[in-house]
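**Student:** Single-letter residue listing:
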Amino acid sequence: MAKRRYGHWHGHQAGESGRNHVMANIVQFENVGLRYGTGPDAGPETLADLSFTLRSGAFYFLTGASGAGKTSLLKLLYLAQRPTRGVIRLFGEDAVVLSRDRLPGFRRRIGVVFQDFRLVPHLSTWDNIALPLRVAGMPEVDIEQPVREMLAWVGLGDRADARPATLSGGEQQRVAIARAVIARPEILVADEPTGNVDPDMAERLLHLFESLNKLGTTVVVATHDFHLLGRIPGAQMMRLDRGRLLDPTGSLRYPPTRPE
Amino acid sequence: MMSRAIKARSSAERRVLDEAGGLRAMTWVMAIMLFLTMLAAALGLATAGAARLLDRQLVGRLTVQVVDGDPVRRDAVAARVLAALRAMPAVATATPVDRAELTRLLQPWLGSDGADPQLPVPAMIDVDLADHDGAAAARVAATVRRLSPIVRVDRHESWMSPVNDVMRSLTFLALALVLLMASATAAVVVLAARAGLQTHHATIAVMHMLGSTDLQVARLFQRRIALDATIGGVGGGVTALLVIAFIGIRLHGLGSELLGGVTLGGVDWVVLALLPVAFVVLATLAARVTIVRALRHIL
Ligand SMILES: Nc1ncnc2c1ncn2[C@@H]1O[C@H](COP(=O)(O)OP(=O)(O)OP(=O)(O)O)[C@@H](O)[C@H]1O
Ligand SMILES: [Mg+2]
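Going line by line, the protein sequences match chains Z and W.
If you count by the UniProt record's numbering, then the first sequence holds residues 1 to 260, one letter each, in order.
If you count by the UniProt record's numbering, then the second sequence holds residues 1 to 299, one letter each, in order.
Be aware that a few hints might be false.
Here are a few chain Z residues that face chain W, going by a calculated C-beta distance under 10 Å [as the list claims (entries may be wrong)]:
| # | residue |
| --- | --- |
| 1 | 79 |
| 2 | 87 |
| 3 | 89 |
| 4 | 106 |
| 5 | 109 |
| 6 | 121 |
Hints were generated in silico from the structure; no laboratory data involved.
Glycine is no exception: its CB is placed at the ideal position from the N, C-alpha and C atoms.
With the hints as constraints, model all of the structure from the sequences given.
**Tutor:** Okay, here's the thing in structure tokens:
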């Protein structure tokens, strides 16, 4: 089913798994700390002593109480924030010292569903979803089919021309998800992607992530929704508590167990 | 099909930053700036042209006067001077001013007495030089003066030089105005670009997160500003050209010899027509540099 739905993804599969094979650890954090603000404005460390690796092609859930630092951790991951200390390796390269002009190339390999969606307000649903492909310079004729497929998948085929302001919260969230996955990123980072949708839609969206994951994308989903955690066989879980990782990923399963 | 797709894309790219369409403040500022700049430029080009024309006409012209109470001696010397002038290779033509003509010119001041042949009116010879350069004129003047103490030489250049000075000052003033206007326009664009960055910083952050390069983001702004500048430039430019043409026609209507030189040649019109293009390029570049420099401070 996934293959039929995602016809345009199919052709890349062999190449993807080949690359994943070479790069076993797609993300690596070593003693990473994050403190917002500098000098007298500096707050307490929002994140501290984060050390973990994410395996290429795996599926991760990130949980933790509100304010635990989930969004902050994801921001480090999608290069919206540099850590105050520690080492982050992304796609096998040091992401902390990455020069500014290399950021776009890295970001195009990462799809992000923002907790607050961040749709471009003046663009239609269609154009919002097409944005990553256009940014990547894909020819216009090649954009139409994937956008139409994504619209159908997130159930917004009839809202293609609507502006974000005229969409419900759940609809906006689905646009944000479609935009994050359309370019088939190597890493998908989703921050509370099912917070505004009903359980059926949540499950459908999770299935979308799973399809993407089966095609080789490493998926990281931050969520409070404990119902979702058991839905992905083989998914691992990271738990944050006041900025620290409770159980650095080993072979974590839901219900969480301590590694080794 | 292809062109429709490209249109869809460019309209989508335009809308990324869009708020209200239509005429915006920037368009008006551009139109006004360009209108004023083109008037100043037209003034500068016209006065520069007039100064060049005056130079060309005057440097090569002398008037020789033979002043003596005795009409016989006066005419004898005048004939000698005329012959000498005509023998000089540097002289293209030497024409005695007709006495009847001279009398007619003096009539308003002297009345019918001007016709009295005993009146010590000088004999005059108009000289056109072959080469219009100052050194040749000076040489001819010196040679003629040596012929007789009653010969006086007027170089037109020296009487017209105050006029020429005014023309040149106006040219420099106009050039300064054009440069000031261009700087002001660039400053307006910089301010508009900064305001745009402020207004759209959330969208810019999203574009960055989706992997847009700084140049891609700058292009979104550049496109808007180029569009505004083009609309304003065409409006202001066409209005300015009409006004300039109208003033030109009025000046010609005056029939003044002095102001007759204040006209625009073909090259001048081309320069004026290129000014809007230059302004659009200036505005676009100013926007691009401002945006790219500001974006460098954002992760
Ligand atoms: N830009 C910022 N500047 C200063 N402090 C911040 C900033 N962003 C987050 N924080 C602080 O860092 C802490 C962690 O916030 P974060 O958004 O990462 O939590 P979260 O786990 O995503 O919470 P939620 O589940 O509510 O989304 C909070 O105490 C928050 O106040
Ligand atoms: Mg959060």
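**Student:** Each hint: holds or not?
**Tutor:** Now for the hints, and whether the structure bears them out:
no.: 1; hint: 79; result: holds (8 Å)
no.: 2; hint: 87; result: violated (18 Å)
no.: 3; hint: 89; result: violated (18 Å)
no.: 4; hint: 106; result: holds (8 Å)
no.: 5; hint: 109; result: holds (8 Å)
no.: 6; hint: 121; result: holds (8 Å)
Comparing the model with each numbered hint stated earlier shows that hints 2 and 3 do not hold.
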